[in-house]
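Starting from the structure of chain D, add chain X where the hints point.
For the record, the sequence lines run as chains D and X. When we follow the numbering used here, the leftmost residue of the first sequence carries the number 1, and every step to the right adds one. When we follow the numbering used here, the leftmost residue of the second sequence carries the number 496, and every step to the right adds one.
Treat the hints as calculated values from the structure; they're not laboratory data. Among the hints, erroneous ones may be present.
Claimed, not checked - Here are the simulated DMTMM-like pairs of lysine to aspartate or glutamate, each with C-alpha atoms no more than 25 Å apart in a straight line: (1) D:K358 / D:E452; (2) D:K358 / X:E1068; (3) X:K968 / D:D383; (4) D:K378 / X:E994; (5) D:K130 / D:E164; (6) D:K187 / D:E164; (7) D:K483 / X:E1013; (8) D:K358 / X:D975; (9) X:K979 / D:E400; (10) X:K979 / D:D205; (11) X:K1018 / X:E667; (12) D:K378 / X:D975; (13) X:K701 / X:D689; (14) D:K483 / X:D995; (15) D:K483 / X:E791; (16) D:K215 / D:E164; (17) X:K705 / X:E667; (18) D:K187 / D:E155; (19) X:K968 / X:E772; (20) X:K979 / D:D406; (21) D:K288 / D:E195; (22) X:K979 / D:D403; (23) X:K968 / X:E994; (24) X:K979 / D:D361; (25) D:K483 / X:D975; (26) X:K968 / X:D1009; (27) D:K215 / D:D205; (28) X:K979 / X:E791; (29) X:K1054 / X:E791; (30) D:K483 / X:D999; (31) X:K550 / X:E533; (32) D:K221 / D:D205.
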Amino acid sequence: MDEATPPPDAAAVETSQLARPESRSLQRAADVMVPVPFSELFMIAVRQERAGSLDEANRLLSYMLSVAPTQPDALHMSGIVAFRQGRQEEAVAKIERAIANGVDIALYLRNICEVYRTLNRLDDAVAAAKRAVSLAPSDPLCLHNLAVIHYERVEIDESIDCAERALLMSPDLPGAHFARAEALLIKGDWAQGWEEYEWRFRIADAAKLMPTTDKPQWDGKPFDDGVLLLVADQGFGDVIQFSRYIPWVLERCPDVAIACSPEMVPVLRHFLPENRIFFRWESCPPYKAFAALSGLPRLHGTRVDTMLAPIPYLRADPARVATWTERLRRLAPRSHRKVGIVWAGRPTHNNDRRRSSKLADFAPLAALPGVALVSLQKGPSADQAGGYFGRAPLINIGAEVRDYNDTMALLECLDLVVTVDTSVGHLAAAMGKPVWILLATSPDWRWLLQREDSPWYPTVRLFRQTVPRQWSDVFQRVAAALKEGEDSAPHKKPL
Amino acid sequence: MPPAESSRHLMPLVERAVTAHRQGATETAERLCLDVLELAPDRPGALTVLYQIRKDQGNHTAAEALIRRVVSLDPNNFAATNEFALLLLGKGAIQEAEVQARNAVRIAPQNPQAHNLMGMILTEAQRPPVGEFHYRKVIELSGNRDPILLANLAWNLKNQGRMEEGRTLYQESVAAAPDIRQTLLGWARLEEADRKFEAAGEILDKMEAKWPNDPGLLLSRAVLLGRMKRYDDALAVLDDMAKQASNGRLGPNELAEKGRLLDQMGRYDDAFAAFEEGKKLSRELSGNAYLDGAAENLLNRLGGFFTAGRLQTLPRASVRTDVPQPIFVLGFPRSGTTLMEQTLSAHPRIVAGDELPLINDLTGLMPRMLNSPLGYPEALAELWMGDQRAGLDNLRDYYLQKVAQMGILTPEAAWFTDKMPLNETHLGLIALLFPDAPLIHVIRHPLDIMVSAISNHFTHGFFCASALETAAKHYVRVMDLVQKYRAEMALRYLPVRYEDMVTDQEATVRSVLDFVGEPFDPKCLQFHENQRYARTASYAQVTERLYDRSRFRYRHYRKHLEPVIPILQSHIERLGYTVE
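Next up, chain D with everything else stripped away, as it sits in the complex:
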């Protein structure tokens, strides 16, 4: 099932407005060196890049640069290809050379700022973006990119200002609307923020919410003469977070079906019978209207101080809890506090660079006596458990976890969960378990700014980075809090 992934908060690296293939240096090199004119070769490379044939584009551009090593467009384009292939340092080097050899080309600057941002060179990013804006003051994409960088630098007002200036020039620019939405939401201005947030499905390359339909999007008004189809969109954490609204929806529309990934059944069956949960579009019943789960806060009119927080709204299956209690009793020292940990999210998430840490970052916790770390990590990063040699025992229970039913049961057995911003954090919080969530300097909008608590979840305690992408002081604070027994919830007795 297509799941609408969160629209990219990243500014687009734009290649559609490539500069001047007819430039003289290109022409000269082409005349001298190759039978096919350079400009044509270049356009072929551009087409290959756009078609996603990055290896082929890279091959052509490498050839061109071997002939004309300082040609700015080829350098720039080659840098873009390197960026898309994950060779970020090479991308920066090439685009910087393009900038050095070119003459005030806003496109180069607009693109390099995104590469800088990826590499966490935020000062360079903002400088490049500002220079791009000054070179092309009428280009809304330059302002959009600047808005995204300001967000990452937690300069929220500046971000909103840039997004709004971009929208003045181009009122239907989805990326700028979304940048504004995120900034408004993180700032707590949810009235305006929810409206802007609706633009998320219109961003180019964003996954479609659902197959094209002639049915209307639900407006929040009650009806009882048809099915309301909810779509469990975005990531698993979003589904867990926004599933709290399903009872509110049922009060208005008694006949609700939901389309979701199969993994979400253990969560959604808390609200709907399993025969109203669908994994394939063709199996969904005919419906009168639809709504994205992530759109329900807007329809509900949620504000920071009117949060719908019926915690706990998820509960573990007692039989599974008994099984996992026994399993954990056998694996972990009985005298130890059992701290569940998750160090990384789904690597394909567009914010994963910022939100994920490494198991090695948990070293300050691993040095604490009387603590057993219980890894709930799934996915490719779970391999890191094999290379852990800290003092605290690490129980890699994630290897035995099959689904969210298991995860919920395990969470019931733990004294605390310490996690980066992943679905496990939402799950523990929705169960009312004590959970410490570790956030990037510029976190997802839902965690708001500065505060250590969350209106969404009363048992959550937030630990924020003070320096972008540096986790060391965060984990030091977490370890200190753990050592001092500063658990945010009444402490459970050890198992």
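For chain X alone, kept in the frame of chain D given last:
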């Protein structure tokens, strides 16, 4: 076994060969045997005589092939089975020797020599309590107390840490036969291991009066002097040995001892040269080199078999609550596992099991016990069969039964340790058999482990320690496999750094006992007072107070270790160490 009718006419030739061999006419005997075997390759008499000839000629490969053939042609031939078992024992093929010794007992259960074989082999196979049973059976069956047998039993008891009983038997043996070299050497080793240096010295003095240049005596003397910290004297003994040797060179064991003495004296370059020479000589003499392909094959198969997905479908053995449970002390040879075991076994509820060969035995027995056409680990696929669901319980019980037979358990013991090095290779199997068992993995700077590997002879790990590079290669393979196991399984696993044991002893011991689930006992900090005798090469160290001379010892050998640093670098970093 009667000869086949078709070759009966060759009998006179065989008889002539036997007679010729008995009379010392070796060439005639050899020619006659070859003639007979040319016509009838399965004539046991000719094969046996030819075996004797080849053995006397020092052609061990041919001798082994011949006696193996005799036994396979006539599995009830006691004399040949006995001979074959002794030959296998002599070359260190303990597992195969045990198979033959057991056959000998099956053929002749009332024959003292059959039980003597079992006694010798099981003592060497690190199952001395079972060996003791068979030695005592020899005494019962023979009705006399043969001095050599008593000495063998004494050595067995020494290996069980029963020093006083062993000493008494040595005294009895020597009283009956005062001039048996091996008996005196064994007794001296017992006294030295029991820290009775003076007594050991006196025995060696007596030996010296009779056999002044005996190599065994001289090596024992050097070891004893080394333990007494008289390094110069010890070195002088070894130098004299070299001068007396026909080729002017020391053997592998003597070179290793020389290296250790030089190391103690701070002469690191000389020490490393001695270690290297010893390894080289050992390779030449034994023919043992790292079994690279076999190691790669097994470790790859283990890594490929134990995946999270497959493990979710495999059963686990249930946990017995009626017998003490194992604590697995894991680690590369010489990584500090003996220190860990001595520490743990100082606790009143934990007894030392030492290096139990049982997990390895189970990997060999598994296909038969699970009725599988496949080898280990693939044979575990039988657990999916309805009639093999309890297969792991059977394997577990085999292990526990053998432990009980070894006599290591005490009434108050809740746990026993199994510190067989490189058991971590079989972490997956161990976790299936003993899902509750604590797995204590002793971690140490890989370069320190390499120094230990070069300075000691051990055969674990496919003979990886026959050279420095192969020790490093095997270390990397095993650690990679451990990493994979840990990523794929929820294990009750605790890594413990040797360095922490040395520098932060109490905190480390507390955390380990906490992990095991036992209360702290201060006796564990005084492990050197643990009267238990640790049989492995570390015994001299673990009977001393904790010292940190062995910590980061590699720094003395930095330049010598240069070839293996690139092999180990990523693991050094992963473990949080640096190279200084």
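Here's how the hints hold up against the structure:
1. D:K358 / D:E452: Holds - the C-alpha atoms of D:E452 and D:K358 are around 22 Å apart, at most 25 Å.
2. D:K358 / X:E1068: It holds: about 15 Å lies between the C-alpha atoms, which stays within 25 Å.
3. X:K968 / D:D383: Cα-Cα ~22 Å, so holds.
4. D:K378 / X:E994: Not OK: D:K378 and X:E994 at ~32 Å, beyond 25 Å, violated.
5. D:K130 / D:E164: 15 Å, holds
6. D:K187 / D:E164: At roughly 15 Å apart (the allowed maximum being 25 Å), D:E164 and D:K187 satisfy the hint.
7. D:K483 / X:E1013: This hinted pair holds, its Cα atoms lying about 23 Å apart.
8. D:K358 / X:D975: Holds - the C-alpha atoms of X:D975 and D:K358 are around 19 Å apart, at most 25 Å.
9. X:K979 / D:E400: 14 Å, holds
10. X:K979 / D:D205: 37 Å, violated
11. X:K1018 / X:E667: Since the Cα atoms of X:K1018 and X:E667 sit roughly 36 Å apart, the hinted pair is violated (cutoff 25 Å).
12. D:K378 / X:D975: 20 Å, holds
13. X:K701 / X:D689: Judged against 25 Å, a Cα distance of about 19 Å means the pair holds.
14. D:K483 / X:D995: Holds. D:K483 to X:D995 sits at ~21 Å (cutoff 25 Å).
15. D:K483 / X:E791: 44 Å, violated
16. D:K215 / D:E164: Distance of about 32 Å is beyond 25 Å: violated.
17. X:K705 / X:E667: 20 Å, holds
18. D:K187 / D:E155: Status holds; Cα separation ~10 Å.
19. X:K968 / X:E772: Holds. X:K968 to X:E772 sits at ~20 Å (cutoff 25 Å).
20. X:K979 / D:D406: 23 Å, holds
21. D:K288 / D:E195: 23 Å, holds
22. X:K979 / D:D403: Within the cut-off at roughly 22 Å; holds.
23. X:K968 / X:E994: 23 Å, holds
24. X:K979 / D:D361: 20 Å, holds
25. D:K483 / X:D975: 33 Å, violated
26. X:K968 / X:D1009: 34 Å, violated
27. D:K215 / D:D205: 23 Å, holds
28. X:K979 / X:E791: 15 Å, holds
29. X:K1054 / X:E791: Measuring from Cα to Cα gives roughly 28 Å; hence the hint is violated.
30. D:K483 / X:D999: Holds. D:K483 to X:D999 sits at ~20 Å (cutoff 25 Å).
31. X:K550 / X:E533: Holds, at roughly 20 Å.
32. D:K221 / D:D205: 31 Å, violated
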